[in-house]
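Sequences are here, hints too, so could you generate the full structure?
Here the protein sequences come in this chain order: A and B. For the first sequence, counting from 1, position 287 maps to 286 in numbering that gives the first Met the number 0; every step adds exactly one. For the second sequence, counting from 1, position 108 maps to 107 in numbering that gives the first Met the number 0; every step adds exactly one.
Be aware that a few hints might be false.
The calculated lysine-lysine pairs, modelled on DSS-like cross-linking and capped at a C-alpha distance of 30 Å, are [to be verified]:
1. A:Lys319 - B:Lys229
2. B:Lys281 - A:Lys319
3. A:Lys328 - B:Lys57
4. B:Lys324 - A:Lys319
In case anyone wonders, no lab produced these hints; they're calculated from the structure.
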Amino acid sequence: MSTTFLPCGDYHQTYAQEHAWWQTKFIKGKMICLFLCLFVFIPLVANDYWISICNMVGYTILGALGVQLLIGYCGQLTLGQGAFIAVGAYVSTLLVLEFPWPQFMLDWGIAYPVSVLVAGIAAGIWSVFFGLPSARVKGFYLILTTMAAQFITVDFLLTQYVSQIGGRGQAFSLPAGTIKLGPWVIDSDLKVYYLMIMLVIVFCVVISNLMRSRVGRAWVAIRDNDISAEVMGINVVKYKLLAFFVAGFIAGITGAFWISNLAAISPEHFPWFLSLSLVGVILIGGVSSIHGTIFGAIFMVVVMELLQLAVMPLADTYPKLLMDFLFIKEAAFGLAICLFLMFEPNGLAYRWWQIKNYFNLWPFSY
Amino acid sequence: MKSRILVFLMSLALIAGIFSIYACGEKPEKKEKAKLAAEEIQIGSLNDMTGATSDVGKDYALGIAEAVHYINESGGINGKLIKLHQFDYGYRIPEALTKYNLFKQLKCVAILGWGTGDTEALAPTVARDKIPYVSASYSGHLCDTAKTPYNLFFATDYSTQARGLITAWFDTKWPKNPDYGKRKPRIAACYMFASAFSSASIKAYKNQAELLGFDIGPDQDVSLFAIDTKSQILALKEFKPDVVLHTNTVMSVAATMRDAYALKLGADHIIKNWGFDENLPKLAAAAAEGAIGCAPWAFFGQDAPLMDKVIEYAEKYNPGIPLEKRTIHTVQGWASVLGLAEALKRADKAGGLSGESILKNGFETMVNYELGLGIAPVTFKEKDHRGQSQAKIYEWKDSKFTLLAEVDLKKRWPDKWENEWLGW
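Quick look at the structure:
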């Protein structure tokens, strides 16, 4: 279809048309503008502070995408995503620092990209291990088994053993210039930003495509009713474990990406609160929606930062306001989850969909 | 209707935020304000009021704010006032990273930092941006200027503390042990493995214990949040240590000492500075008797230069907090601010407040600088940011802190101090 706007109503005649990425010229133009904004406008106008905020948003999106896949699309509740991010971060760090790479691979900047890929696969396999109980249990019980991932991985294995590799007993430090993608040394917030944008786009596209495939439909069927899915011939255990693998893979890549923003890595970077906040992100943004993941991450990071900037001018009059802000921020986060669950259970994505529909149907919205 | 209210409230927050970006930005039309702002020196401060180390972080944060008031009210930095931007980051490293960038946006010339994890994570960025970073992390890893040129602190570093504590115990307590001369003394450590702060001096502790001929027992993982440590104490009982080193903060240390007392471990306790304060005897009660700790500063209210000001400003700016509840961490906060202020004054006189000038014309011109507050003289060298080689060791005995020993590592092991021990 090559019209600028879709006519009012649904005129798709084939599934291919309905699932097309670029349905109209308007959508194509809109996406080009978005890409220009992400790759040109933001790096041009944003200072280091806002770029670092964007990086936090990207980190949150990448972290929450796996949670969205598990909870939103496959119906498998998880509170252990932080552990798989940690696995990715540690695997990548250890490979970059400790693996005996041939010199040419270090010179050509191949070590880090290879470590990212291995980190994704390692975290995926580790995630499958903790997804095994999903064959037998679900709901609240599955939450508990995924929580075990945090305690076993971060509090036990990473803390007691991995952190002690090389007799360090402290944070692994990543010297400047260690993180290289080919000739591109990632040593500034802006470079991390570009890497983050590329990863976010790639994973959003991959998950969107997965959801349009046989695998995605199987996941949705399992989410909606696993017994019916099994009756339809879907291998429920296989697809559940596949969901855990993909979510873990994304988490692993997220962790491996995040080390490019850190000069040192320690288990303190991956508290249990991280897993909890990622679930909060999709609750606020909207479950079963990639848009929701993005909106939730923006809400979690940007809105909270704006709130902080809003109270800063008041700090002259109330000096303790800034010191109390983290408390206010966490209270606001908790309150936001409660309010969204009560008044907008479909999250920000639903609001976005309504706004979009309003304009799509304008001026005959009735 | 309700969802509309929600949307309205969110929009309001967004608009307020956007407005504040404008409010925080430059306003060229108001020359008067701009001039005033030019006379202000922006300083950022990261503190932990709600996180894993908040048991000691609250008092430190109060000390920072009160000391800045004192500096401003006694003439500022050569007439310029300090504008303090103080944030609680909840001991979360990602939060610290974004706050650091916010400080950069606010044009802070120096930063007062907190934890070891975030200070070490930020160290290369700080070096790249050339922003002096005076932390409350006294990790030995931050002293080697080849790696962390812009990190400084006004205290005895953790590694020197650990070495000093072991040495003081070895010199004063071990000879009184009935087994002295018959066998090697036994030592073990309790700390949170996952915490970069708690584990920062473990390598130095083991090295020093080997140097003095100790048998080293298995490390025990004790969380900073620990309230029950019986399993760790039972594990230690197998080893029968003569002395246990603690490197956590005070609540965790008190919990461990209580359990050690209840289970009759029978060992002495040596404690790094963050676990050894006025709250330890309150929390550990009888178990605290005989506890030995490192305190590079005077305890709150002790007789020391400038302590009268510390008390005066505590009463003036935080009258709601009784003085008997204040601790040595307030004094630590003061030490960080006074040290930074002195560096700023020197740099300002020498021609500028750029990061490089503050480092070279400020901090690195301090040779045996007497700060007051009971802290040993401070010296920062171009290649060595260990401010002090002395560890002041106190003992809690008969309901008071008594100076037990002053161990000067540089005097005792000059070669190792100069050539081996820097940076870990």
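Tested hints:
no.	hint	result
1	A:Lys319 - B:Lys229	violated, 39 Å
2	B:Lys281 - A:Lys319	holds, 28 Å
3	A:Lys328 - B:Lys57	holds, 18 Å
4	B:Lys324 - A:Lys319	holds, 19 Å
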